[in-house]
Structures are given as structure tokens and as C-alpha cells.
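Trainee: My request is simple: use the sequences and hints to build the entire structure.
Positions 0 to 132 (numbering that gives the first Met the number 0) are the ones given, in order, by the sequence shown.
Since the hints were made in silico from the structure, they are not lab data.
A couple of the hints might just be wrong.
Claimed, not checked - Quick list of simulated restraints, FRET-style, between CB atoms:
| no. | residue 1 | residue 2 | range |
| --- | --- | --- | --- |
| 1 | A58 | I26 | 20 to 30 Å |
| 2 | G29 | M83 | 34 to 44 Å |
| 3 | A58 | P27 | 18 to 28 Å |
Glycine residues also receive a C-beta, built at the ideal position from the N, C-alpha and C atoms.
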Amino acid sequence: MNYRLSLFVVAALLVGACSTTPETPAIPTGAADRVAYFIQQDLYDEALTAAAQADTTEAARAELLFAAHYTYGMYLMNPEQGNMREVMPRALRHLRRALELNPNSAEAKANIELIEGIYTQMGREIPEGSAQP
Numbered sequence: 000m001n002y003r004l005s006l007f008v009v010a011a012l013l014v015g016a017c018s019t020t021p022e023t024p025a026i027p028t029g030a031a032d033r034v035a036y037f038i039q040q041d042l043y044d045e046a047l048t049a050a051a052q053a054d055t056t057e058a059a060r061a062e063l064l065f066a067a068h069y070t071y072g073m074y075l076m077n078p079e080q081g082n083m084r085e086v087m088p089r090a091l092r093h094l095r096r097a098l099e100l101n102p103n104s105a106e107a108k109a110n111i112e113l114i115e116g117i118y119t120q121m122g123r124e125i126p127e128g129s130a131q132p
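Mentor: Shown next, in the form of C-alpha cells:
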């Protein structure tokens with residue numbers, strides 16, 4: 000093997016060995032960990048699906064669904080998520096669903112009241128309904 004070819008091969012091996020590609024963390028298999036993973040990644044539709052399909056008790060499933068709906072609603076309330084006229088009704092529906100799942104959630108109640116108060120203050124009709132599942 001000539002000198003230049005040997006040098007090229009060694010350089011290529013060094014570059015390959017030193018380069019790193021960001022590893023995508025493995026998606027957890029446990030229901031709660033899976034939902035938490037999707038929430039952390041801002042993948043709320045996936046979190047809701049995982050919570051709805053969780054092989055667990057009804058109470059535990061309700062807790063997972065509450066977490067997914069509540070955090071999704073809070074995420075949507077962030078002005079960076081787009082046009083508030085389109086986003087706020089969705090946020091309100093997810094927060095209402097969270098409150099249905101956990102009627103004792105003071106945070107969900109407060110945020111629903113906040114959004115509804117803004118609609119009232121603006122003289123706009125308050126959107127109805129709640130998100131599913």
C-alpha cells in the first residue's frame with residue numbers, strides 16, 4: 000500500500016471514530032415512562048395515544064391522560080405555538096379534559112378561568128367542548 004493511501008485510510012478511520020451522531024433515546028416501554036417521554040419531547044398526540052392505550056388500571060390511565068392533556072394545554076398557551084385565535088380553543092379543550100379527569104386540579108381550573116376571562120374581556124364567545132380521549 001502506498002504512503003498516501005495509507006495516510007488517507009488512517010485519516011478516514013480517525014474521522015469515523017471521532018465523529019458522533021446524536022443518539023435518539025430509546026422510547027420507554029412502561030406506560031408512565033412512555034407518556035412522560037413523549038411529553039418531554041413535546042409529542043403530545045403520541046403521549047395521549049400512549050396514555051389511552053396504557054395497559055393499567057382505570058385510575059392510573061386517568062392520571063396519565065390528565066398529565067398529557069394538562070401539559071398539552073399549557074404548551075398550547077405559549078404564544079410561540081402560533082396564532083392565538085387557533086391555538087387557545089385547543090388549549091382550553093385540553094385543559095377542560097384534564098379537569099374532567101382530575102376535578103381537584105386547582106391549576107387546570109385556574110388556567111381555564113384565565114383563558115375564559117380573556118375571551119370575556121375581549122367580548123368574544125368562549126369556545127365549547129373538551130378534548131378526547
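Trainee: Going back to the hint list, which numbers does this structure go against?
Mentor: Per hint list: zero violations.
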